[in-house]
Amino acid sequence: MESKDYLKDISDIKDLMNKSSRFISLSGLSGILAGTYALIGAAAAYWLVNKYSYGTLILDGQIFRSVMLILALVALFSAVTGYILSAKKAKKTGAKMWDATSKRLVINFLIPLIAGGLYILIILSNGKYGQTGGLMLIFYGLALVNASKYSIGNIRYLGYTEIVLGLIATLLPGYGFWLWVLGFGVMHIIYGSIMHFKYDTK
Amino acid sequence: MSIITNINKAFDHRIRLGIMSILMVNEFADFNMLKELLGATDGNIASHAKALEKVEYIKVEKQFIGRKPNTRYSTTDLGRAEFKKHINALEKLINKS
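Read top to bottom, the protein sequences are chains C and E. With the working numbering as the guide, the letters of the first sequence map in order to residues -19 to 182. With the working numbering as the guide, the letters of the second sequence map in order to residues 6 to 102.
There's no promise every hint is true.
[What the hints assert, rightly or not] Here are the computed lysine-lysine pairs in the DSS-like style, where the Cα-Cα straight-line distance is at most 30 Å:
1. E:Lys73 with C:Lys(-1)
2. C:Lys(-12) with E:Lys101
3. C:Lys76 with E:Lys101
4. E:Lys89 with C:Lys(-6)
Just so you know, these hints were derived from the structure itself, not from any lab. This structure is a prediction, so every number in the text was calculated from the model and none was measured.
For reference, chain C alone in the conformation it holds in the complex:
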């Protein structure tokens, strides 16, 4: 009885609690790549708008549609990369990719994101687009904070950062683009690197 290893019991308990409630196979590398896609997309949009539209964006022009397409591609590539790299990491560590924890993570991530996305589409259709960049950052940040309960804790801080940047962007609509670049590009690369070196390279 006395020789029983209580320390091991405690560490088993902690391990099971984490494994059963959090999806920890999230890949840091996919964050770095998502940031890179965002920077490339932003550079392409910047070039398009300055070259063909004299630096201003008209809501129902050809250029605006191209910018929306770039945005959609950035989101798509980021999601696909995130899925592939996380599946790879899950496989390597012997975890399952699609289980109760990852389902919960995705659902809790998508609720604020979809609500925000629809809201942005609604105000865009009303012709108000000055705050789009800020709103995207705010809702994305809320989605991350909400999802962080079900994954690696670090993404909570990325969420806080995005929310603050988003609020600043809504205060200073003129800098919306640059804050978007900072939030979706630079911050993803920074937090992705932290996660990569903290969790992936073990």
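Given chain C, put chain E in place with the hints provided.
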């Protein structure tokens, strides 16, 4: 000596401790989830779950999803309280030594 009294015999097994750990942080878990996480056989999980059910630390609900039978487990208030006591006792024991 008083510390030892809080060590709960009902949790004195790896599988039972595991089942409780999982159920403490999840609203519920089904049979397969427990099996995968604990890496034990069907019979093993079933008998330890039954032992915990008997002392009323966990609740068992049997239902059908489509045609497949599905067994869901969740903790009771008593189970949560006893598990916390047990963890505290474990921690005290570790700190003593």
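Status of the hints after comparison with the structure:
Proximity of E:Lys73 to C:Lys(-1) is assessed by CA-CA distance (about 26 Å); at most 30 Å being required, the pair is judged to hold. Between C:Lys(-12) and E:Lys101, the direct Cα distance comes to roughly 16 Å. Compliance with the 30 Å bound is thereby established for this hinted pair. For the given pair, C:Lys76 sits about 38 Å from E:Lys101 by alpha-carbon distance, which is inconsistent with the 30 Å threshold. Our distance criterion of 30 Å between C-alpha atoms is met by E:Lys89 and C:Lys(-6), whose separation comes to about 13 Å.
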